[in-house]
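Novice: Residue numbers (this note's numbering), protein chains in the order written: chain D, 1480 to 1908; chain Z, 1480 to 1908; chain L, 1480 to 1908.
The hints are simulated quantities; they were obtained by calculation from the structure and are not laboratory data. Be careful, since some hints might not be right.
Remember, identical chains collapse to one label, so a pair may be satisfied in a single copy or spanning two.
Stated by the list, open to error - 27 Å max Cα-Cα, derived DSS-like pairs, lysine-lysine:
1) K1636 with K1551
2) K1863 with K1742
3) K1742 with K1551
4) K1636 with K1863
5) K1636 with K1838
6) K1669 with K1866
7) K1866 with K1636
8) K1742 with K1636
9) K1669 with K1551
10) K1669 with K1863
11) K1866 with K1742
12) K1866 with K1551
13) K1838 with K1863
14) K1669 with K1838
15) K1742 with K1838
16) K1863 with K1551
17) K1636 with K1669
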Amino acid sequence: MDDLQQLSNGVDTIWVVLTAAMILLMEGGFALLEAGFVRQKNAVSIIMKVFVDIVFGALVFYFIGFALMYGKDWGGWIGTSGFLLNGDLSHINLTISHETFWFFQCAFVIAVISIVSGAVAERINFRAYILFTIAMTGLIYPIAGHWVWAANGWLGKLGMVDFAGSAVIHSLGGFAALAAAWMIGPRIGKFAQDGTANIVPPSNLPLASVGAFILWFGWFGFNAGSTLSATHAGIGHIAVTTMLSAAAGGATCILFTMFRYRKADPPMAINGSLAGLVGITAGCAFVSDLAAIVIGSVCGVAMVLATEFLESRQIDDPVGAFPVHGVSGSIGTIAVGLFALPDSVREGTAGLFYGGGFKLLSVQLLGLVVICTWGFALTWIVLKLIKPIVPLRVSRDEELVGLDVGIHGVPAYSQEEGFLDLSHWKQHK
Amino acid sequence: MDDLQQLSNGVDTIWVVLTAAMILLMEGGFALLEAGFVRQKNAVSIIMKVFVDIVFGALVFYFIGFALMYGKDWGGWIGTSGFLLNGDLSHINLTISHETFWFFQCAFVIAVISIVSGAVAERINFRAYILFTIAMTGLIYPIAGHWVWAANGWLGKLGMVDFAGSAVIHSLGGFAALAAAWMIGPRIGKFAQDGTANIVPPSNLPLASVGAFILWFGWFGFNAGSTLSATHAGIGHIAVTTMLSAAAGGATCILFTMFRYRKADPPMAINGSLAGLVGITAGCAFVSDLAAIVIGSVCGVAMVLATEFLESRQIDDPVGAFPVHGVSGSIGTIAVGLFALPDSVREGTAGLFYGGGFKLLSVQLLGLVVICTWGFALTWIVLKLIKPIVPLRVSRDEELVGLDVGIHGVPAYSQEEGFLDLSHWKQHK
Amino acid sequence: MDDLQQLSNGVDTIWVVLTAAMILLMEGGFALLEAGFVRQKNAVSIIMKVFVDIVFGALVFYFIGFALMYGKDWGGWIGTSGFLLNGDLSHINLTISHETFWFFQCAFVIAVISIVSGAVAERINFRAYILFTIAMTGLIYPIAGHWVWAANGWLGKLGMVDFAGSAVIHSLGGFAALAAAWMIGPRIGKFAQDGTANIVPPSNLPLASVGAFILWFGWFGFNAGSTLSATHAGIGHIAVTTMLSAAAGGATCILFTMFRYRKADPPMAINGSLAGLVGITAGCAFVSDLAAIVIGSVCGVAMVLATEFLESRQIDDPVGAFPVHGVSGSIGTIAVGLFALPDSVREGTAGLFYGGGFKLLSVQLLGLVVICTWGFALTWIVLKLIKPIVPLRVSRDEELVGLDVGIHGVPAYSQEEGFLDLSHWKQHK
């Protein structure tokens, strides 16, 4: 390897490591966003789930998930090598090392499971959540990911594209979140007897907002880093489409809620920006700036409507995981079939609006349906399998007192000025 | 283009994209800083303004602002091409793409408008703020920026330099903030009848502090990223001067307030570090390490005195936007004329203290006066124009109850344990 | 210098500047973590200490510390040039400039002193803390660092290795923290008369958690950035071992506390991940992935046990600085002697488990003992010297009312809706 090649590989490596670190920081964003949106009595418990996402997710993906996703292909369905990063991975032929590649992919898998954590907030049993995390990061996501992103995955071979994961990450995560929220059922008191949704103000909107800003920051790592190469000609364009779509999603939601609710709604502004980010994730490298603005705007409005729809169906998704990730991810996946610029996806291919006909659009739709169904169904099945082992839901008492004190033995916030004298209690232990 | 050039361009691209992302994360810093400094009842409303900064700012800068700032020059006064990044931009001749350049500049414009958001906190009408944001990011800042930073801008041609924007970003933003705070008037109760300033403790100092740390982090992107090239020889030096000036600003304020108020004042420590960062922004590439320490120290003390001065003049700037950005930005701009090392700005030029005479100093002063006047006057005019369309200020009732509940219908913090039953309310709707 | 070399140096520079900025962001992480763990009445005061760490730390390290650490060697004991970055530094022969190198090292020294800040929380006198910070960043750490990391440091010449500072940063900081916590004594009410430890719930666990996520993010800068070169072949491996060890530390603590306390303990999950990060810091470039998992797991369990041990000894370390940094740092330093892969540290050397015998292990042990002793003893001595100048501890009244109001005159959180009318007070001033 000559000096130039060595330097080039080094540059690709630091690019991928830095962007992967940015994606991992998104966990801090998820934690803030979710802790801010839920009730105060459950703020710690949701953050503990984010911890589970990272610590169990990373380990399971190291031992199993990565191999199933990117190992030696078996019939387009599943990978079969690379457990513990061992075995034959020679088909992964990148300028970065397999370890660097794993690190980036690890940041992705943790994002997927974090999507689900919000939908089951305030009521899921902690041990059940650990088991589900293992299934999601070791099985559900890696297999679906293999279909689209591995060298010989069947959906990828059909021509489906998903640059940074509107479908593979967000639709999958969003539909898994929907299945989980549905099966576990709404929080006590969320719906009145007549079916109307009761509300609770978010416990800490400043935290939630900053969570969104951190997620936004991480998204540049997510989308631009997915090039896996610093000399990829599209990096600047990806940054611009990502920025514009997010801005359009947020601006649309601010204006739309000013019209619809007669007030600029803060949680909707937050989720609107995130919806724009989710929506552009598949197409950031393929669509024009203006298309990015359209995609972001549509995702913003759709997110508001989907939130209302879920409430009307009495499905309780406390942080809006499905509207943000499931709905916008699906819109973004389809949008590639509509807006892909000629030759951007591959030579001779374009979206419907650019003369490419229905070819790309139909394969995007097919892939989307497959992935959403897979995410929903497998989540349903896995939770059904977990149920006999540990209850899916905390007890009524634990839910009423809150999971922080009920399960983790500590409140999120305390104004205690002194110390709790435990000496008496210890004598009787 | 040969391989080495391609790699070099790729490296410049990732450098600019990463630093731009760091600058955008500063919005999270602004949000935290401002939400922490204002009263709790207005914490959400200030964050919503930061959202407006980003989402409207990015879109307006894409459609209009960038063209006026960096488009084909017309007489040194204004750019005329590049709307929607279209048209002739061949005069922008960089190693990075026009889109990458736009992305970095977009991060800058958002920072400018965010400076103003703090000064009008707790009382500005939300719709008026949106309109002002459009004017600032589409018109006021781009035109002033053109004068200094565009290839043929008249101030730049005269010899004015401002490496990363002490004048263009911070003085402009700071004087716009001053005009806005002045015109809108103080918050109800801020000044007693005898004119003395009443105080309110910041609602959340830990959040504000962390906002400062995030801003500090982003500033390395701001200053070092302004090289726009990874092979710029000054990157290490810029990082060091930025660090030392910030440290000097913070240390000085801690010691100065220990002396002046007999306590190390936390908000002043926060703003002192920020003042040091603002002050070094113009000269980070041009001045010595020791000069950076002097600049930071002077900015720190000046910020404290300016804060007291504003209060004595009964101008209400809730987060100290003018003392931090307007005053320190001006000091930093002048400091280049004093401390610029020989040949650092350009061949044969130096600051007053290095034998360069008054040449550089006078052009820095001229440019500073022009930019501050422009920022102040245009803001005044634009707000005068907005006033007949929508009121500049919320109603007295909204201000007393707080903008969070009054305008956005939701409190920043909620300790609600259950749900608010809305079924009764819905029946009567 | 040819073009390729120039580009390569530029890449190394941006790599080091970006990772250094990430490390500096860790101060935001420390601030959140510590403000979240302590009682609400002391949240501002702990953050003010973090400000002291940065602003005084950076200046002192610029004027003195760097020279003692990396200046021209004198007998393997101390550096003697490079005060204010002046003088002969030609022995530092890197692809990055001396200033870039200083910037990275400055981020390190600030991390060291921040470790101590947590252990003395809620009771140390602010002025005493400033004096101690000056001693730590100007003297204690630079000299110990010289022994291991400078070109001719005596421990480094003996063969001790510490890739990114398990010993030099964390054990040193942790043992200094232990000495300081011990000398200053426990908080009022922390231990009951019978010696049992009383507890207080952390004031803000969401903040503390997000602090951990930010620290985690910064750690990738810490460990991978310590290569100081983008073409270092180990960057990907370092990212993976860092990730796996942190995950193992967190996962182990979640499971261990579920078993030991019958609840997944949030503060322990937080500190467990940090323990895993501390533990891998020395060996991240030298050990296998599986060894990283083992190291992280051991550090997690040891951290829990060390926390219990400290309490049983009536030593009050409010945020667990010693268990996290002192204990895990020591384990990590020793682990290199056990797990170092053949030829990873240097040609012909390996850890005990890879056939290298006791050679590497014994020098690691020696170096560890020296550094821990140095950190503990010098801290003790310096505090003894400070004591006659200013009291080490706040008054009883200040401690009871809290340091925020007692020392800094402002509470961390305020729900004040209006303004405090000070006009009456001013009349009588």
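Novice: Does each hint fit the structure? Answer for all of them.
Specialist: Hints, verified against the model:
Proximity of K1636 to K1551 under the C-alpha cut-off of 27 Å is restricted to the intra-copy arrangement: shortest distance 15 Å within a copy versus 46 Å between copies. For the identical chains of this complex, K1863 and K1742 are inter-copy neighbours only, at 24 Å across copies versus 42 Å inside a copy, given an alpha-carbon limit of 27 Å. Neither within a single protomer nor between protomers do K1742 and K1551 lie at most 27 Å apart by alpha-carbon distance, with minima of 54 Å and 40 Å respectively. For the homomeric pair K1636 and K1863, neither the shortest alpha-carbon distance inside one copy (33 Å) nor that between copies (60 Å) is at most 27 Å.
Within a single copy, K1636 and K1838 get their C-alpha atoms as close as 14 Å, which meets the 27 Å cut-off; across copies the closest is 54 Å, which misses it. In this assembly of identical chains, the alpha carbons of K1669 and K1866 lie at most 27 Å apart only when taken from the same copy (23 Å versus 42 Å across copies). For a Cα distance limit of 27 Å, the shortest separation of K1866 from K1636 qualifies neither inside one copy, at 37 Å, nor across copies, at 59 Å. Taking identical chains as interchangeable, the C-alpha atoms of K1742 and K1636 are never at most 27 Å apart, the minima being 47 Å within one chain and 47 Å between chains.
In the homo-oligomer, the alpha carbons of K1669 and K1551 never lie at most 27 Å apart, since the shortest distance is 47 Å inside one protomer and 57 Å across protomers. When the C-alpha separation of K1669 and K1863 is checked against a cutoff of 27 Å, the pair qualifies only within one copy, where the shortest distance is 24 Å, while the shortest distance between copies is 47 Å. With identical chains, the CA atoms of K1866 and K1742 are at most 27 Å apart between copies only, with a shortest distance of 20 Å across copies and 42 Å within one. Proximity of K1866 and K1551 under a CA criterion of 27 Å is satisfied in neither setting, with 33 Å inside one chain copy and 66 Å between copies.
For the homomeric pair K1838 and K1863, neither the shortest alpha-carbon distance inside one copy (38 Å) nor that between copies (55 Å) is at most 27 Å. Neither within a single protomer nor between protomers do K1669 and K1838 lie at most 27 Å apart by alpha-carbon distance, with minima of 44 Å and 65 Å respectively. Proximity of K1742 and K1838 under a CA criterion of 27 Å is satisfied in neither setting, with 42 Å inside one chain copy and 53 Å between copies. Neither within a single protomer nor between protomers do K1863 and K1551 lie at most 27 Å apart by alpha-carbon distance, with minima of 31 Å and 64 Å respectively.
Neither within a single protomer nor between protomers do K1636 and K1669 lie at most 27 Å apart by alpha-carbon distance, with minima of 44 Å and 64 Å respectively.
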